[in-house]
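Chains as they are written, first to last, in this note's numbering: chain S, 1 to 114; chain R, 1001 to 1111.
One or more hints might be untrue.
Mimicking EDC-like on lysine to aspartate or glutamate, the simulated pairs with C-alpha atoms at most 20 Å apart in a straight line are [unchecked claim]: (1) S:Lys-41 <-> S:Glu-83; (2) R:Lys-1042 <-> S:Glu-68; (3) S:Lys-41 <-> R:Glu-1039; (4) R:Lys-1071 <-> R:Asp-1049; (5) S:Lys-44 <-> R:Glu-1039; (6) S:Lys-15 <-> S:Asp-30; (7) R:Lys-1068 <-> R:Glu-1039; (8) R:Lys-1042 <-> S:Glu-42; (9) S:Lys-78 <-> S:Glu-52; (10) R:Lys-1068 <-> R:Asp-1055; (11) R:Lys-1071 <-> S:Glu-42; (12) S:Lys-51 <-> S:Glu-83; (13) R:Lys-1071 <-> R:Asp-1055; (14) R:Lys-1068 <-> R:Asp-1049.
Since the hints were derived computationally from the structure, they do not count as laboratory data.
Being a predicted model, the structure only gives us computed values, none of them experimental.
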Amino acid sequence: EAGVTQFPSHSVIEKGQTVTLRCDPISGHDNLYWYRRVMGKEIKFLLHFVKESKQDESGMPNNRFLAERTGGTYSTLKVQPAELEDSGVYFCASSQDLRGGTQYFGPGTRLTVL
Amino acid sequence: GESVGLHLPTLSVQEGDNSIINCAYSNSASDYFIWYKQESGKGPQFIIDIRSNMDKRQGQRVTVLLNKTVKHLSLQIAATQPGDSAVYFCAEVRGWGKLQFGAGTQVVVTP
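Same shape as in the complex, but just chain S (with noise of 0.2 Å):
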């Protein structure tokens, strides 16, 4: 069974500009997170998604920052414009249980603002 994929794996956009993650999970997983690791600070929690809705995106630092799950499979992660603050790295994890149970993590998206 395929793992929790993420594309791309490195970003290098300058100020300004727009870029756009995206994640798939598990087949069949329904709960889908996103979280962050700005450089210096510990993993943050982004948002939560239960199939294509968002159940909680207390995490999302602004309204620079835009996630939907059309159709309930994979989501994407907009940014823009970005900021050189939002330089880190981008994670995904899914998980079948509604209460977290085991969230398995994709691999990350490094994303590097100049």
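Let chain S serve as the given structure and place chain R on it in line with the hints.
Here is chain R on its own, set in the frame of chain S:
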């Protein structure tokens, strides 16, 4: 690697010795905790979990201890191997499954 720029606490342990990694949590109402291992270039990987109705749980070469009185978790790795070199995170499970991670501990296994 992914940890560049981070100044994590580091535990250096000799191959074959036991490792103990500690973690303090903040919310006394938390009832579910997970330890994750992150190797360079990879996402966090589940190691073991524990619920608050337990104070100890054992897996393969790993044991998690939970002390609710002082809000403390520890992960013990028996007979540490080179493949155990990684960053280890404890996480509290909050709300509908969102994880609140600790800062992490870098474990370096020396021959």
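Here is how each hint holds up against the structure:
1. S:Lys-41 <-> S:Glu-83: Holds: Lys-41 (chain S) and Glu-83 (chain S) sit about 17 Å apart, inside 20 Å.
2. R:Lys-1042 <-> S:Glu-68: It is violated: about 24 Å lies between the C-alpha atoms, which goes past 20 Å.
3. S:Lys-41 <-> R:Glu-1039: Given that 20 Å is the threshold and the Cα spacing comes to 17 Å, the pair holds.
4. R:Lys-1071 <-> R:Asp-1049: Answer holds: Lys-1071 (chain R) to Asp-1049 (chain R) is near 15 Å, not above 20 Å.
5. S:Lys-44 <-> R:Glu-1039: holds, 18 Å
6. S:Lys-15 <-> S:Asp-30: violated, 34 Å
7. R:Lys-1068 <-> R:Glu-1039: violated, 29 Å
8. R:Lys-1042 <-> S:Glu-42: holds, 15 Å
9. S:Lys-78 <-> S:Glu-52: holds, 16 Å
10. R:Lys-1068 <-> R:Asp-1055: OK: Lys-1068 (chain R) and Asp-1055 (chain R) at ~8 Å, within 20 Å.
11. R:Lys-1071 <-> S:Glu-42: The hint holds at about 19 Å.
12. S:Lys-51 <-> S:Glu-83: violated, 29 Å
13. R:Lys-1071 <-> R:Asp-1055: holds, 11 Å
14. R:Lys-1068 <-> R:Asp-1049: Holds, because 15 Å separates the two Cα atoms, which is no more than 20 Å.
The structure fails hints 2, 6, 7, 12 (numbered hints given earlier, in ascending order).
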